[in-house]
Amino acid sequence: MKLMEHTFLAITEAGVEDELAKEISGRFQVEVETDINKVYFKSDLSAVYEGNLSLRCMNRLILLLERSRFKNLDELYPIVKRVDYGWLIEPKRTFRIEVRRRGTHPFTSLEAASKIGQAVIDGYASSTGRKLKVDLESPDVEFWALIKDDEVQFGVNTTGGSLHKRGYRIYQHPASIRTTLACGLIYLSEWRSSEPFLDPMCGGGTIPIEAALMARKVPLDAFGREFAFFNLKFFDEGEYGKVKAKLKGEASDGPFPIYGIDISRKYIAGARENAKSAGVRDTVEFILGDGLNLNVLNFEPRFIVVNPPYGVRLSCPSLKEFYFKMINSVKKASSKATIVAVTTATNEFKAAARRAGAQLVEERRTFHGEMPGSILKLRI
1 MKLMEHTFLA ITEAGVEDEL AKEISGRFQV EVETDINKVY FKSDLSAVYE
51 GNLSLRCMNR LILLLERSRF KNLDELYPIV KRVDYGWLIE PKRTFRIEVR
101 RRGTHPFTSL EAASKIGQAV IDGYASSTGR KLKVDLESPD VEFWALIKDD
151 EVQFGVNTTG GSLHKRGYRI YQHPASIRTT LACGLIYLSE WRSSEPFLDP
201 MCGGGTIPIE AALMARKVPL DAFGREFAFF NLKFFDEGEY GKVKAKLKGE
251 ASDGPFPIYG IDISRKYIAG ARENAKSAGV RDTVEFILGD GLNLNVLNFE
301 PRFIVVNPPY GVRLSCPSLK EFYFKMINSV KKASSKATIV AVTTATNEFK
351 AAARRAGAQL VEERRTFHGE MPGSILKLRI
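The opening position of the sequence shown corresponds to residue 1 in my numbering, with each subsequent residue numbered one higher.
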């Protein structure tokens, strides 16, 4: 018997939507629809468990309940009230509304949250005869309303806090990259786990650590995460256990040729701490060295994924020259390589790539540290 299909919204970082779409279509064998920061797909409820445990580019998974046009604030009420909440939330559970709003509206996000919250209370009461309680600080269930211009998408957050907060990071590098963005860069590089992988400016080690977790197929609950779906009425511990067992069976110990280099002794020590916390200290080799002098390596890096300095968080006298030396260093160390980098200094990086004779094969817009930037893919 075919299980009931539901519509899901997977939220990710700008610029890596296509990589998350590939993850989803590969994992669930479904068609996907992409938008900025978003990927939509349809599946049964097992996707709640498997998606949250395995989709490495995803920040949150929203189970969509309504998607509709509206003209004014009052029209949000009937859209949300008509949802069947009886199978989602038990009377003892508390809830809150999270509103994400884009566009110009004659109401605030707080006003929208108040209107939608009342609709949830009234809708639940009309179908169950019970009244739900609101908890704005620590709710059991969080409903999301994404309002863009005249459209509202309403659903329940199955994840909880963003998955980019993996839970293993002990050392905080001053210019760290979000783990979900790091995974998108790794996927974009098309790295094959048997080939040497390098981050020549690894800082706190996020990129090589995520590469190791990806290669080893470590589920995303490995660091003690509590998922929001634990509090949803449909949560089935037996089914969840089956999914966990399936993913555990996919795991691999390697070995994998993954390397991280940094010129800072402090950063390398922090990266090793983070790798140990993530359970991949034996998978990543961290090297104290100069990322601008890679020809001294005893291996030939084939896939380079890097979050280089870009002159805002870290001081860099001449970004063009710095980027040129970095790209040229890869050329000297490898006869054939793919470089994927994220930077807010897009023009400087592209100029350096041209000077070094590297081929720019792809450019995507993203946000890095709340600043507009680019993901750039080069071939040498």
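Keep in mind that a hint or two might mislead.
Label pairs and their in silico Cβ distance ranges [to be verified]:
no., residue 1, residue 2, range
1, Lys131, Lys248, 38 to 46 Å
2, Gly357, Val296, 16 to 24 Å
3, Arg355, Lys165, 33 to 41 Å
4, Glu5, Lys165, 25 to 33 Å
5, Glu370, Lys148, 33 to 41 Å
6, Glu370, Ile287, 52 to 60 Å
7, Asp253, Ser109, 43 to 51 Å
8, Glu362, Ala175, 19 to 27 Å
Under the rule of at most 30 Å between Cα atoms (straight-line distance), these lysine-lysine pairs were calculated in the DSS-like manner [to be verified]:
no., residue 1, residue 2
9, Lys42, Lys22
10, Lys377, Lys336
11, Lys92, Lys81
12, Lys42, Lys165
13, Lys325, Lys233
Don't read these hints as lab results, they were simulated from the structure. Even glycine gets a Cβ: it sits at the ideal position worked out from N, Cα and C.
For each hint, the structure was consulted:
Between Lys131 and Lys248 the Cβ separation comes to about 41 Å, which falls inside the hinted range of 38 to 46 Å. As the Cβ distance of Gly357 to Val296 is approximately 22 Å, the hint placing it in 16 to 24 Å holds. At roughly 38 Å, the beta carbons of Arg355 and Lys165 sit within the given window of 33 to 41 Å. As the Cβ distance of Glu5 to Lys165 is approximately 30 Å, the hint placing it in 25 to 33 Å holds.
Take Glu370 and Lys148: their Cβ atoms lie about 20 Å apart, and the range 33 to 41 Å is violated. A hinted range of 52 to 60 Å is violated for the C-beta pair Glu370 and Ile287, which are about 31 Å apart. Distance hint check: the CB atoms of Asp253 and Ser109 are about 47 Å apart, consistent with the given range 43 to 51 Å. In this structure, Glu362 and Ala175 meet the distance hint of 19 to 27 Å, their C-beta atoms being roughly 23 Å apart.
Our distance criterion of 30 Å between C-alpha atoms is met by Lys42 and Lys22, whose separation comes to about 14 Å. Proximity of Lys377 to Lys336 is assessed by CA-CA distance (about 14 Å); at most 30 Å being required, the pair is judged to hold. Pair hint Lys92 plus Lys81 holds up; C-alpha atoms about 19 Å apart against a cutoff of 30 Å. At roughly 26 Å between alpha-carbon atoms, Lys42 and Lys165 fall within 30 Å of each other, so this suggested pair holds.
As the CA atoms of Lys325 and Lys233 are separated by approximately 56 Å, the hinted pair breaks the 30 Å bound.
Hint check: violations occur at hints 5, 6, 13; the rest are consistent with the structure.
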